[in-house]
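Fit chains B and C to the given chain A structure using the hints.
These protein sequence lines map, in sequence, to chains A, B and C. Residue 431 in my numbering sits at position 214 of the first sequence, and the numbers go up by one each step. Residue 140 in my numbering sits at position 20 of the second sequence, and the numbers go up by one each step. Residue 648 in my numbering sits at position 93 of the third sequence, and the numbers go up by one each step.
Since the hints were made in silico from the structure, they are not lab data. Idealized CB from N, CA, C, for every residue including glycine. No incorrect hints appear here.
Here are some, though not all, of the chain B residues that point toward chain A, as calculated from beta-carbon distances under 8 Å:
| id | residue |
| --- | --- |
| 1 | 182 |
| 2 | 183 |
| 3 | 187 |
| 4 | 191 |
| 5 | 192 |
Cβ-Cβ distance ranges computed for the label pairs, FRET-style:
| id | chain 1 | residue 1 | chain 2 | residue 2 | range |
| --- | --- | --- | --- | --- | --- |
| 6 | C | 915 | B | 150 | 23 to 33 Å |
| 7 | B | 240 | A | 826 | 22 to 32 Å |
| 8 | C | 696 | B | 203 | 43 to 53 Å |
Dumping the calculated DMTMM-like pairs for lysine to aspartate or glutamate here, alpha-carbon to alpha-carbon at most 20 Å:
| id | chain 1 | residue 1 | chain 2 | residue 2 |
| --- | --- | --- | --- | --- |
| 9 | C | 727 | C | 772 |
| 10 | C | 1146 | A | 364 |
| 11 | C | 890 | B | 150 |
| 12 | C | 956 | A | 412 |
| 13 | A | 300 | C | 1075 |
| 14 | A | 505 | A | 653 |
| 15 | C | 1197 | B | 274 |
| 16 | C | 728 | C | 670 |
| 17 | C | 558 | C | 915 |
| 18 | A | 633 | A | 452 |
| 19 | C | 956 | B | 150 |
Here is what each chain is made of, one letter per residue.
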Amino acid sequence: MRAKSENNSKEWDRKPANQRDAMIQQIIKAKINGTPVEVPAGTTILQAAQQVQIEVPTLCKHKDLLATAACGLCIVRVKNMRKMPRACCTPIEEGMEITTHDSELTEVRRTVIELILSNHPNSCLTCGRNTNCELQTLAANFGVRNDNITRYVRDLPKDASNGSIVIDFTKCIKCGRCIQVCQEMQNVWALSFLERGINTRMAPAGDISLAESPCIKCGQCSAHCPTGAIVENDETATVWAALQDSNKYCTVQIAPAVRVALGEAFGYAPGTNLTKKIYTVMRRLGFKAVFDTNFSADLTIMEEASEFVERVAHGKGTLPLITSCCPAWTDYMEKMHSDLVDNFSTAKSPQQMLGAMAKTYFAQKKGIDPAKIYQVSIMPCTAKKYELERADSMNASGFADVDICLTTRELARLIKQSGIAFNQLPDGEADSILGEYTGAATIFGATGGVMEAAVRTAYYFVTGENLPKEGIDIHPVRGLDGIKEAELDVKGTKIRIAVAHGLANVDKVLDKVREARDKGEPLPYHFIEVMACPGGCIGGGGQPYGISDDLRRKRTEGLYQDDREKQLRCSHENPEIIRIYKEFLGAPLSEKSHHLLHTSYSARPKYQR
Amino acid sequence: MSKALLSEHPGTPAASMDIDYYLEKWRGVEGNLIMILHQIQDTHGYIPRELVMQLDRALGIRLARIYEVITFYHYFKLVPPGKHHISICNGTACYLKGAANIIGEIEKTLGVKEGETTGDRLFQLETVRCIGCCGMSPAMMVDGRVCGHVKTTDLPEMINTIRKNEEQA
Amino acid sequence: MKKITPATLEAIASAPVNAPKNWIKVGLDTGGIAAGARYVFDALAGHIAYARHPISLLRTGSNGLSFADPVVEIECAGMPHVLYGNIHVADTKTLLDEHIIKHRILEDHVVATRDRGTKCEGDTTVILVQDTSAEQGDRTRFFQDSFIEEVRRQGLQGKVQVVRAMDMGIYKKGLVVQLLPSAVTYENVLAANISEIIMDTVKKGIVLEKLLHREPDPQVRIVMRNCGRLDPESLDDALRHGAYQGLKSALLVHGWEKTIGVMKASALRGRGGAGFPTWLKWKLTRDNVADQKYVICNGDEGDPGAFMDRSVLEGDPHTVLEGLMIAGLCTGATKGFFYIRAEYPLAVARIQLAIDQAKEAGLLGKNILGSDFEFDAEIRLGAGAFVCGEETALIASIEGKRGSPSPRPPFPSVSGLWGKPTSINNVETLAAIPAILCRGGEWYAQYGIGESRGTKVFAVTGKVNLAQLVEVPMGVTLHKIVYDICGGVSNGESIQAVQTGGPSGGVIPESLLDTPISYENLMKLGSIMGSGGMLVMDSNNSMVDVARFYLRFCVDESCGKCAPCRIGGYQMLQILERIFKGHGKADDIPKLKRICHAMQNASLCGLGQTAPNPVLSTLRYFEAEYMAFIEGGVTYARKIRKQLEGVGQKAS
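Pulled out of the complex, with its shape left as it was, chain A reads as follows (with noise of 0.2 Å):
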């Protein structure tokens, strides 16, 4: 097995290639505050700043961004130097004496501050970053206390046109972040900076309505803002209402990212793992029933496997086989790559298959009318809101499979509604035949999951066995590399897969099967497995804020954990799964998982407008 990486460079990617060889080894010697640092060359002020434990403060630089040097207030003062440079984007220099904090720069940062929040609406209490905002942090940090520059605000309506995010330009401090994910790290598109001077404005393409534009949901752009520009469309009040009427039966499913992510917002550490503690929760908050995605995740991989199989075994379908588990990036297929329609894997999300299979097996079993049932999913993802209404067979069992999508941020607000001390909660268990999961389907929530589930049924599918015990982590397809390759050998066959994440890597991956196709040669990938956002569903856009790679690691080694420990770890053995089919689908892609389990593409207009 082979595994190359590509995009990892971000702050010294912009260095010419010879600079770069040259910058590589070299180390740096230089003083913070008249402390000794050591850096390799290209690393900048405020990194170096870092190492020895000072936060030069900033608005506008985000450890997954490029510095666009916005907001002003990362300066710092460098030992002869007439101006003062700005930390985020000035590469430490041999011998640089640098202070970050003194009474000049302090009195310039706040006026800064002064002068940003000038242009801010005085809103905080009814804002949905109160208490979490990057802006409001650093005017408590400095000791705003008066107003006395004369607030101006542009009047501009908000943007609610999608049901996934809601933006308030009003909130938008400029800093550029959402611009540069949508435009280089998700190659979307859809929000630009608009008109310049005191009138710029952060805005939809062309300035049309997000709804009109290419926004495929992701929700990145929230997940980066320093303030409450951009947030999830807020529907808690939505199922506080569901779940205060006697006519309703309400579910619940959680994503598997959603269980190593919610503790952060009661204080655990990144990556615990609370999938217990959430299952208590949700019967505490009324849920009648309590289901896991991950249930639907060994479901999505049985009818997916049983597909790539078909496909390569069989030659029935298209290959590659490109999965489709993440709508916004399904979205973002039917908008820009539609000619590879046929290309991907018609099985639905496993958000989308629980919720037909509570509708219907469930709803069966149980002996409740499914008019009745109003299933709530629990995503990491804006996008997942969208993926509700994606087409008509979203209501294939006649009913919608899901009724409402709640991000991981809106369940800690309605928690913390609840006034449950979600804390000191004890276990539970979720609810049987839509509860039970395997390790496989637990890293579904992290870059590469997908694929190493996949590809460990996969394998039982073709060879009658499983993976030897040593070979069933798949290490070339974990990792937070941009673009994950490998070749596997499945008894003899090569299959070659790839895995992407962050949109703008699937595009290098697409031309190299079309640069293939259109000649001729043989596929450069028999399977490819996309996420939208980088890292996968553990950094999605609904998550807790403060997104970074060392976040992103930490969530996914609580789903790799969970997997270790998993006594089960291929979706094929899962019992419950096993019972389903013997009960009631019959087997993989066979018509009733047709009908209820699988959907269909086609090609959307980039702009409505």
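Here is chains B and C on its own, set in the frame of chain A:
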């Protein structure tokens, strides 16, 4: 823009709504966007949205990028300008010699602010920076013709003359 | 067209210039055209064709004398060489009839030559007169009559014409007289001197030392050496005026390394405003190894009131192209871009023509002048964004993006256009380079003071009598420029201050005008050299208003990327507007200063860092006026506004 930079298309109608007309010289040239936009605006007097959408498809330059650029540069317009262009010079020399008063007076006469078009689409009012006639300040341009040593008292009549000519025509 | 070879250039350099002898030149630059020069040119062409005058009609750029637009220069056998100003269509027929047929000079239009003589050789045929201290009543006509009388008395009528000049280039020196063709110039001439002038100088050729205007012309024309002289649309004419000789010596005599040495010796610094040594910029770009490098001519002149780059682009395009080619040679770039404002269509057209001509003549392309040097040039247009004058923003704009600056490092010399090493030089800088190559770095460095060497072009406008482009050696005082070259202010007012550096600069009060101009000295006064705009303000102008004007410019032109500039500028403007309307508060001034300080230090690019300068410098020298607005309230503000409104009516 200089005609020398424009591609010559004798057979094509002047205000083509076909993006290919504007691309001939620039297809495949790095950094061509602004030059293409110049050509479109030179032809139409503004940049029609339809051509922007075509540009997105023809060159793969995203709508977001095109609008970012159009709205950043004040030279580019997204709405058709008025028929008669009145540009008041607001360079330093003219400012010191009372350009602000001239702008105020003409805004009053036309009932629009700088950068706007009158309701009847007859006048487009702009302020520009130094038209190069510092020796004749304060100066203004009416449909490309320079008027030097402008006095506020002359303005209403000047506008009325253009209006009357339009009515007669 | 024939290919230009080193031998062609050699031949042109050594052989006498084969140019037409009888000609009329019309200054067809933007300023001239705005004043009607195109119509004048067409009218002259019509008359010449109709009357079959044996004279060539030529076009040229601006000689810088904006106040005299449209200008017409005539060289005609039997007549002294004369420059006429303010010639309109109605004057054209008279001009030709008088000057060419009747051999008489037109009254009230002559702009006297600044190239003044000290010896009187040859017969004087014209006496120009002008009273340069006319505040107490113009005595020019009285003196003209006295001279005519004296000419008649001494029997010279019909041989010597006495003409009222439009401008003598000398001010506050009483009656000034210039004799043509010798250009001997007398100042403070009294009625009693008239007869000796005629008797001794006109008749005998004896120069009257006591009356002689001795002061040499303070202007030195290096950048503008050809502006207003050559036909900017003719390569032949450019070659006759020495075009591409500098390239030839850089390419065939010095090589790139020595050429950088010559530039180092010249101590030329970037004329776009920041004053970075040109040789060092080239060296840094040269030192970066890359498969492709670029040089860019920054022609995005955007300061309100600055038009020297436009004049040079329009008046001498081949020299700018030549400068860019030399920059390409020294940096190792094979591709050059001209980034020019779209608002400068004539400059664009002339540069495009120069590029086309140079390509045709083999001066662009491969194996230039038989060497292995390869270079190509293209134009990219600006689109109305002042901030694109900033290097990184300019690069973004050429790449087809919003013109927002990006952080430096990396500097363009490391990673510029499309990530390649790039050197960006201003028009004026590039125009000086060929001359430096021809005459040597030391020659150029002889001008100037301290770290500021060579010459600088200023666009002097505002309340000054004679708005024009001035090229002076560094070290000349502001006083000399404003009073001695541009004739001070009109209407008997006094100068209150001079603003230099445009929106990034500051005001310098009258009391400090004796300061010799240099990058460092202007900085010490709280202003900057900038690109060379120079705005003269009289005592009627309000300094708060001027600060407001420049700040509004910066607010309009802020790219909006960084918060300190985007919001700081806007908020400062609100405070200034408030003060100007008489609603200022006591704490407004400390608040202004605090925002200024934050903007200066926390803005990303030069635009934001320097935008507070007009406010800070007016506060530094004219805080009393701010206080008067704040303390005087609405009543005071109304009074000042009324005073300023009067300006529009008084203008002409």
